[in-house]
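K.L.:
First to last, the protein sequences are chains A and B. With the working numbering, letter number 258 in the first sequence gets 258, and the count goes up by one each step, no holes. One gets the working numbering by counting positions in the second sequence from 1 and adding 1000 to each.
Since the hints were made in silico from the structure, they are not lab data. Quick reminder that beta carbons are idealized off the backbone N, C-alpha and C, glycines included. A few of these clues could be false.
[To be verified] With a Cα cut of at most 20 Å, we get these calculated PhoX-like pairs of lysine-lysine:
no. : chain 1 : residue 1 : chain 2 : residue 2
1   : B       : K1367     : A       : K201
2   : B       : K1405     : B       : K1390
3   : B       : K1138     : A       : K186
4   : A       : K213      : B       : K1367
5   : A       : K186      : B       : K1269
6   : B       : K1308     : A       : K201
[Claimed, not checked] Short derived list, chain A residues pointing at chain B, Cβ under 10 Å:
no. : residue
7   : A198
8   : K199
9   : K201
10  : E208
11  : Y279
12  : S322
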Amino acid sequence: MSPGLRAVHYLNQFFGGVGGEEKASEGPQVKDGPIGPGGALQGLLKERGEIVATIICGDNYFAERTEKAVEEVLQMMTPYRPDMVIAGPAFNAGRYGMACGEVCKAAQGKLGIPAVTGMYEENPGVDLYKRAVYIVKTSDSARGMAEAASRMVNIALKLIAREKIGRPAEEGYFPRGIIRDERTDKSAAERAVSMVLAKIKGEPFEPEIELPKFDRVKPPAAIKDLASAKIALATDGGLVPRGNPDKMESYKSTRFASYNIKGVDSLSSKDFEANHIGYETEFIDQDPNRLVPLDVMRDLEKEGVIGKLHDKVYATAGVATSLANSKKIGQGIAEQLKADGVDGVILTST
Amino acid sequence: MRLELAILDIQDVQFGEKTTINDRVLYIHRQELRELLQQDKRLSKVDIELAHPGESCRILQVADVVEPRAKTKGSGEDFPGALGKQGTVGEGSTCVLRGVAVVINNQSEMHDMPEAEDPMGDIIDMSGPGAELSPYAKNHNVVVLPYPADGASPDDYKIALKIAGLKTAVYLAKAGRELEPDEGEVYDLPPLTEVTQGIEDLPKVAYLFQVYCTSYPAMVGEPILYGDNIRRLLPTIIHPNEVFDGAIVNTYQGRGTETYVIQNHPVIKDLYRRHGKELCFAGVILTVSRYTEPERERSVAMASNLAKSLLGADGVILTKASSGAPDIDVSQTAQRCEDMGIKAVLIMFGSESGIESGTVFNLPGAKAIVNTGNPFRLVSLPAVERIIGKPVILPSGVSADGELKKAPNWISGALDQEGHSKMVSVLY
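My request is simple: use the sequences and hints to build the entire structure.
P.N.:
Dropping the structure here:
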C-alpha cells in the first residue's frame, strides 16, 4: 500500500458545516483538506494517507437532479487525483444515503476509484446500493461516528491494497450478495455441534444461511358461487408435454408454460410427463392426472360443481427455484389468469 | 453398547490369485468375487474394476459408496436384514478397511437428474478439481458394475445393485478379520438411563437423523433400516453404534448421502468425540420425512417429544434427507423443539442465490443453520483418460470422458446432508 494515499471525502450540507435543512438545496462545493467528520477519518488514516479535498453538496440539490449532481461531483474531485473516495457516513439520513451511494457507485464505475460509505440498516440507500458499493454498518446517529469512521477506513485501505475483504460480520459491512464457497477446517457437523453448544449456553453464534423474507399476501375473499366460477389448474410439479419439446427446466426454473386442454377430459401419459428432479416422477409419467387432476376437474365441471374449467393448464418445476424467479413466475401466471377472467386456481405442488 | 472398530490402513488394491491382505495391500480374487455376486438371479453379470487416487479416471453412474466392513466372528451379522440374518449391530468388533471403498455403478436409467446430466449420473473423478471436492477420490475404489438379468424389473435390479455393493464390502473386509489392526476406535455409550452419570451438568445433545424422504418412495423390499424399507416408520430412537455398524443402508434415491457417510457419520462421530467433555450425547432419533398431513404433523410431534420427554435433550442437531420437502419437516421439528425449550441447529445445503437464500421456510426457531456449501455451483472438470461405467454422450455432444462442468450435487461425496464436507457457502 503506497504512502500518501489521496482521499476525497463527500459530505452533505449539514456535516459539511454549511447549514441545516435550509441549505439542503445548495449545489456542490469543494474545499481543500478534511472538514468536520473528515477529521476523524484523517486521524485514522494517519500518515498512510491524506484527505486532500472535501466535496459538500446539499441533499435536496443532489436528490432533485441526481445525474447532473453526480457529474459535477466527479468533475470536482478529478483534479485532486484521488486514490479513493469516502462518502458520509450517512447514518439514517435517507437523501444523504442515496447521495453517498450514488457518488461511490459513480466514482467506482466511471473513474475506477475505489469507494466506501456508511449507513444505518434502515437507510433506504442500503438496499439500493449494497450490491454495488461497500456500505459499512453504522448506528442511527452521529454518536456512532467513531466506529463508522474506523470501519470505513479499514475497508478503504484494504480496497486500495487489493487485500481480501473479510466476511460482512467481521468487517462490519452489509452483505453484498456475493456467495463464495470456501474450504473450512472444521466440517459442517463439527460446526453444528459447536453452534448448538453456543445456543444452549446463550452465547452468540453466526447462522450460515440467511433465511428468506417472505412477504405476506392477503388472500382474496372466498368464491361464493363456485357453480358459476371459472377455475384453472396450475402446478409446480414440472408437467411437460412428452419429450419436453420446450426444454423446460427441471429445477432452478426461470419460466413457466401453459398447455391447452380444451376438450381434453384426462391427461394421457402418451402426451404428458413430469420433468422435475425433486421427487419420484415415475408415478406421474404413468398417469399425469396424479399431478394435475384434470380428470376429476372435468367431472366436477360436468356435474356443475364448478362453472367452467379454464382451457389452459400452467406448469413449471419448483425445485431449487429462487425466490425471485418464483415471484416472477407466479406473477406471470396470475396476470394471464386474470386476463382470461379466471376466478380461482388450484395449484398442485409436490 | 460398546463397539470397537479394528481398522486396517490399506494403501493399495490389486487383483490377485486370492483375496487377502498383505503388507497393507488388498488383493482381490476377481473371479471369486464376480461369482459370488453373480449368484443373484436378478443380475446377469457383474464386472469389477479398480480406480486409484491420482488416476486420470472418472467413475460414472455412482449409485452408492460403501466402506468395506465386516463383523469379527461372534460380533454379530453384517448388515442384518439386508444381507445377514436379523439381529442388531453396534457391539463387539468390526473390521474396517480404511482407504478402500466399494463404489456401486448403476447401469439402469436415471430419473432424478436434469436431462443434461441424465446418462452420466453421479461421478467420482480420481484426480483434478473433482477429486479435490470428493473424499472418495482419496480411496482405492473397487467399482462393482452389476448388469440386470433379462426379466428383472427395474426395482429388482436397483435392490440387487445395493446388495451387490454390501456383499462386496463384507467380502473384502473379511480378508482383514484375522489381522492385527493398525488402529482402533472405540464407541461406547451406555443406555439412556445411565448416560448422564458423572456428567450431569453437561448439556445434553441429541441428534435427529432424517434417514429418508417419501418424495422418493422406497421400493418394496428395499433394505434401509435392518432390511426394512421404513415407508411407514414413525420416529424412533436408535443407538448411535447401530447407525455406524450396518443397521442403516442409504436409500437408493438418497441423494447427498452415501452408505459410506452413514458408516462414518460425522455428526455422531463429533458428538462421541465431545461426549463427557463438552456435552452428554443424549441419543439418536430416526425420522422419515413426510409431505402429507397428518403424517408430517405426527412425525414432527413425536420426534420433538422423544427429544424432550424421553431423551431430555437441551439441544438437538437435525439433518435432512435430500429433496425440498424435507426442509419443511426439519424446520417444523426444530421450531417445535425450540417451543419446548430445546435449542435446535440444522445442517443444510448452502444456497446460491445471493442475499436471499434458497430455503423454503422462515421459522424463528429454525434460524440456527450450518451450511455445507452450494450444491449447484458449476465446477470445470478436465477430460480424463479412462472412464468406468456406461460410456455416454451428453445431449450437448460432449462425451463423458471429456471436459465438462459439473455441480457438486452430482459429484459423489462432494456435499453431504450429514455435514462431513469441509466447504461452506459464505455470503459476502
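K.L.:
Taking the hints in turn, state whether each one holds.
P.N.:
Verification of the hints:
1. With a CA separation close to 16 Å, the supplied pair K1367/B and K201/A stays within the 20 Å bound.
2. With a C-alpha separation of about 19 Å, the suggested pairing of K1405/B with K1390/B holds against the 20 Å cut-off.
3. Only pairs whose Cα atoms come within 20 Å are accepted, and K1138/B paired with K186/A is accepted, the gap being roughly 19 Å.
4. For the hint pairing K213/A with K1367/B, the CA-to-CA distance comes to about 12 Å; that is within 20 Å, so the pair holds.
5. Restraint check for K186/A and K1269/B: the C-alpha separation of about 13 Å stays at or below 20 Å, so the hint holds.
6. A hinted pair counts as satisfied when its Cα atoms are at most 20 Å apart, and K1308/B with K201/A qualifies at roughly 18 Å.
7. Taking 10 Å as the C-beta contact cut-off toward chain B, the hint placing A198/A at the interface holds, the least distance being around 9 Å.
8. Proximity of K199/A to chain B holds as hinted, the smallest CB-CB distance being about 4 Å (cut-off 10 Å).
9. Contact between K201/A and chain B, as hinted, is supported at the beta carbon level, the nearest pair being about 7 Å apart and thus within 10 Å.
10. Taken as an interface hint, E208/A checks out: its beta carbon lies about 4 Å from the nearest beta carbon of chain B, inside 10 Å.
11. The beta carbon of Y279/A is positioned within 10 Å of a beta carbon in chain B (closest approach about 4 Å), and the interface hint is therefore held.
12. Restraint check, S322/A versus chain B: the minimum CB separation of about 4 Å is within 10 Å; hint holds.
When the structure is compared with the earlier hints, no violation turns up for any of them.
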